[in-house]
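Trainee: Okay, here's what each chain looks like letter by letter:
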Amino acid sequence: MPHDRRGDGPPLRLVSREGGSDTHTQPSVARDIDWSILMARAQEGDRAAYHRLLQEITPYLRSLAARRHRDLGDIEDSVQDVLLTVHSIRQTYDPARPFAPWLVAIANRRFIDRLRRQGRTRDREIPLTAKHETFCEPAANLEERTDGRELEGMVNNLPPAQQKAIRLLKLKELSLKDAAAASGMSVTSLKVNTHRALKSLRKMLLDRREP
Amino acid sequence: MIKTPDLIASLAANATPVRRLRPPVMRAACWLLLAAVVLALLAVNQGIRPDLVQRLQEPAFAISMAASLLTGVLATIAAFLVSLPDRSRLWLALPVPALIAWLSNVGYQCLTQWVAIGPNGMSFGEAAPCFATLVLTGLPLSLAMLVMLRYAAPLRPTAATFMGSLAVAAITATALSLFHVIDATVMILMWNFGTAVLFVGLAGVFGQKMFRWVAPRTLYARD
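Going down the list, the protein sequences come from chains A and B. Going by my numbering, the letters in the first sequence line up with residues 1 to 211, in that order. Going by my numbering, the letters in the second sequence line up with residues 1001 to 1223, in that order.
Calculated from the structure, these hints are not laboratory results. Worth double-checking, as some hints may not be accurate.
What the hints assert, rightly or not - Far from chain B, some chain A residues (derived; all Cβ distances over 10 Å):
#1 Gln-43
#2 Glu-44
#3 His-51
#4 Gln-55
#5 Thr-85
#6 Arg-90
#7 Tyr-93
#8 Asp-94
#9 Arg-97
#10 Leu-115
#11 Leu-171
#12 Leu-176
#13 Ala-182
#14 Val-187
#15 Thr-194
#16 Leu-201
What the hints assert, rightly or not - For lysine to aspartate or glutamate, the following EDC-like pairs were computed, each having C-alpha atoms within a straight-line distance of at most 16 Å:
#17 Lys-172(A) / Glu-152(A)
#18 Lys-1003(B) / Glu-173(A)
#19 Lys-170(A) / Glu-152(A)
#20 Lys-164(A) / Asp-147(A)
#21 Lys-1003(B) / Asp-74(A)
#22 Lys-199(A) / Asp-178(A)
#23 Lys-191(A) / Asp-207(A)
#24 Lys-191(A) / Asp-178(A)
#25 Lys-1003(B) / Glu-76(A)
Unchecked claim - Selected chain A positions facing chain B (in silico; Cβ < 10 Å):
#26 Ala-48
#27 Thr-58
#28 Ser-63
#29 Ala-66
#30 Glu-76
#31 Leu-84
#32 Gln-91
#33 Val-104
#34 Ala-105
#35 Arg-202
#36 Met-204
#37 Leu-206
#38 Arg-208
All C-beta atoms in this analysis are idealised placements derived from N, C-alpha and C, irrespective of residue type, glycine included.
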């Protein structure tokens, strides 16, 4: 569980709770002013300034994301999330105010959103494993069900042509054409044999229940 | 998945000039101006209640009116402040004193004169015009608030919706007591408190969906 692992390292925990106030990753005042100016120019449509700003904040965002996420893919995804959010609400930035708190507030929101979404996924979804795959095979399911064995025994009592038809068409669920190719019987005879087989199976099953 | 440098390049290529948002207090003032216009139009159309001047002399009525108006104004300012990423969440507490004054005043009136029913008994005749006022005030103000707060969608949708709907509810309640003679205290409670619950509840149910509808486009493209 990622939660437990995070709890193991007390220094990490301390840092991650504060968000952006740690001195190691907190941008210096000069850099903040720099970013402020770049953002102000980006708001006026200066593409080069905007490109430089996004490039400069990306490593910073990555270091922030690394405190919340373990997986490298998650870190990169959430950095991209933050960049998209910054882009779509760039008009809310006021150049008179410092840039870093604005950015960190947006980033934290996005990281927490992602953690919540992951928590929900973990709670509700189970990944498919090889075990789940094997149960799709009809043989595995016949073994599992108690009725399956009994049905298998009754199918064995049928005449050989009917046995073949019911196995191919009903148990293996082949199409008429495929079953005809596999068995060498004609489509008509497959139909007739299946019909007869179902009829006698029904009779056998009812006889079993009634007495 | 797109590579981060590619994403940066494509975002930079899309960097059209944007208009900075005005300071939050000024935007709140704009919205309140709209509210004033709506109330004025309603006053022209429906007419102020006949006994308004007389009722304003009564302290209970005047305090209740002032408190609901103040709640509306403060909640508007708080909504616009918390819709910005770098403002403190504590601004949410701004309208709380006025809200407490308003609701406790309404509650106090109910306690002291629980059965203050007029000579003709409790009349529900006002209900339909009251409802019209409710919709005519609440609807345009809610829509305007929704559009003005759309940048909060990726940040604090719940807090911003809650404050916005509280502002609309308080203004609407003020409008109701301006235009309609609601004498029975139960009715006052019902209309004041009911309006607040109605707007906050509606916002809770539909707020997120509506926000997605008006939110800036690039946000949900990857969901």
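Trainee: Against chain B, does Val-187(A) keep a CB gap of more than 10 Å to every residue?
Mentor: Correct as stated: the minimum Cβ-Cβ distance to chain B is 49 Å, above 10 Å.
Trainee: Verify the interface restraint on Glu-76(A): the C-beta must sit less than 10 Å from at least one C-beta of chain B.
Mentor: 6 Å, holds
Trainee: Hint Thr-58(A) vs chain B: min CB-CB distance below 10 Å?
Mentor: 6 Å, holds
Trainee: Given the proposed pairing of Lys-1003(B) with Asp-74(A), does the C-alpha separation stay at or below 16 Å?
Mentor: Status holds; Cα separation ~13 Å.
Trainee: Can the restraint linking Lys-1003(B) and Glu-173(A) be considered satisfied, given a maximum Cα separation of 16 Å?
Mentor: 45 Å, violated
Trainee: Please verify that hint: Met-204(A), Cβ, nearest Cβ of chain B, below 10 Å or not.
Mentor: Where the cut-off is 10 Å and the nearest Cβ of chain B is about 55 Å from Met-204(A), the hint is violated.
Trainee: Per the stated criterion, does the least C-beta distance between Arg-90(A) and chain B lie above 10 Å, as a non-interface residue requires?
Mentor: About 6 Å separates Arg-90(A) from the closest Cβ of chain B, which leaves it inside 10 Å; violated.
Trainee: Taking 10 Å as the cut and beta carbons as the points, is Tyr-93(A) off the interface with chain B?
Mentor: Violated: least Cβ distance 7 Å, not greater than 10 Å.
Trainee: Does Glu-44(A) clear chain B by more than 10 Å, comparing its Cβ with all Cβ atoms of that chain?
Mentor: At about 5 Å from chain B, Glu-44(A) fails to clear the 10 Å cut-off, so the statement is violated.
Trainee: Does Lys-164(A) pair with Asp-147(A) here, judged by a C-alpha cut-off of 16 Å?
Mentor: 20 Å, violated
Trainee: Does Glu-152(A) sit within 16 Å of Lys-170(A), going by the straight-line distance between their CA atoms?
Mentor: Within the cut-off at roughly 12 Å; holds.
Trainee: When you check the alpha-carbon spacing of Lys-199(A) and Asp-178(A), does it fall within 16 Å?
Mentor: With a Cα-Cα distance of about 23 Å, the restraint between Lys-199(A) and Asp-178(A) is violated, given a limit of 16 Å.
Checked against the numbered hints given earlier, the structure breaks hints 1, 2, 3, 4, 5, 6, 7, 8, 9, 18, 20, 22, 23, 28, 29, 35, 36, 37 and 38 and satisfies all the rest.
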